[in-house]
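Undergrad: Read off the chains here:
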Amino acid sequence: MGSNDYLGVLRVLQEGGVAFVLVGGLAAAMNGAPIDTLDVDVVPARDEENLEKLLGVLSSMDAIYRIQPTRRLRPEASHLRSAGHQNLTTKFGPLDVLGTIGRGLTYEDLLPHTIEMDIGDGIRVRVLDLQTIIAIKEELATEKDLAALPLLRRTLREKS
Amino acid sequence: MEEELEDLTDYSEDGVDLTLVRWFLSITPAERLQYVQRRANEVIAVWRLNGIE
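Chains as they are written, first to last, in our numbering: chain A, 1 to 160; chain B, 1 to 53.
Keep in mind that the hints are not guaranteed to be accurate.
Simulated restraints on C-beta separations [as the list claims (entries may be wrong)]:
1. A:Pro69 <-> B:Glu6: 44 to 54 Å
2. B:Thr28 <-> A:Lys144: 38 to 48 Å
3. B:Gly51 <-> A:Gly16: 17 to 27 Å
4. A:Arg71 <-> B:Glu6: 36 to 46 Å
5. B:Leu20 <-> A:Arg124: 41 to 51 Å
Derived coverage of chain B by chain A (criterion: at least 3 residues anywhere in the stretch with Cβ under 8 Å from a Cβ of chain A; other residues may be distant) [to be verified]:
6. 2–12
7. 36–49
Keep in mind that the hints were calculated from the coordinates and are not lab data. Glycine included, every Cβ here is placed at the ideal spot set by N, Cα and C.
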């Protein structure tokens, strides 16, 4: 595993014109929750035009599936069209491309619940807001989600 | 007799360190990204030192 370059991943996605929402641990951190994360999670729009851009960007990042990395399996359009999760590794570090999150929430569902943030170097990305991150975790209620909730709720309370 | 020390911590009743939350909220999203990225790379560096990939 090489070094992680989160800004690099997000810059390439943005410069490639890919429509996406930043979700997961990095989104929570961008909202002010002091948590560590080892990957970037994004939910892209899954229209054909956007998927074509996304495929091009993933190729430029040398994206392959993290499972069985020696096989160097590359994501294809059929994978990205699905609601499933593509757990990839790239030259910038791990990147999860998620068709949906929570109970089937798509890019279009999430977009009204995002905040555009300046994350450095003039890069602006749509980040899922903390209220929605909390709501999704409350709904899923896996042990991992429940463990994260006290910190996320306290962060939200301190923000307001 | 042991002198009573002023409590200079601030934890919520569910155990969250509120001083850490306030500090992280006081910096910009760009600074948060840099911090989280640096922390991740520190963890990866320790893994490497210990032969974990």
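Undergrad: Would you mind marking each hint as holding or not holding in the structure?
TA: Here is how each hint holds up against the structure:
no. : hint                             : result
1   : A:Pro69 <-> B:Glu6: 44 to 54 Å   : holds, 53 Å
2   : B:Thr28 <-> A:Lys144: 38 to 48 Å : violated, 28 Å
3   : B:Gly51 <-> A:Gly16: 17 to 27 Å  : violated, 36 Å
4   : A:Arg71 <-> B:Glu6: 36 to 46 Å   : violated, 59 Å
5   : B:Leu20 <-> A:Arg124: 41 to 51 Å : violated, 27 Å
6   : 2–12                             : violated (count 1)
7   : 36–49                            : holds (count 8)
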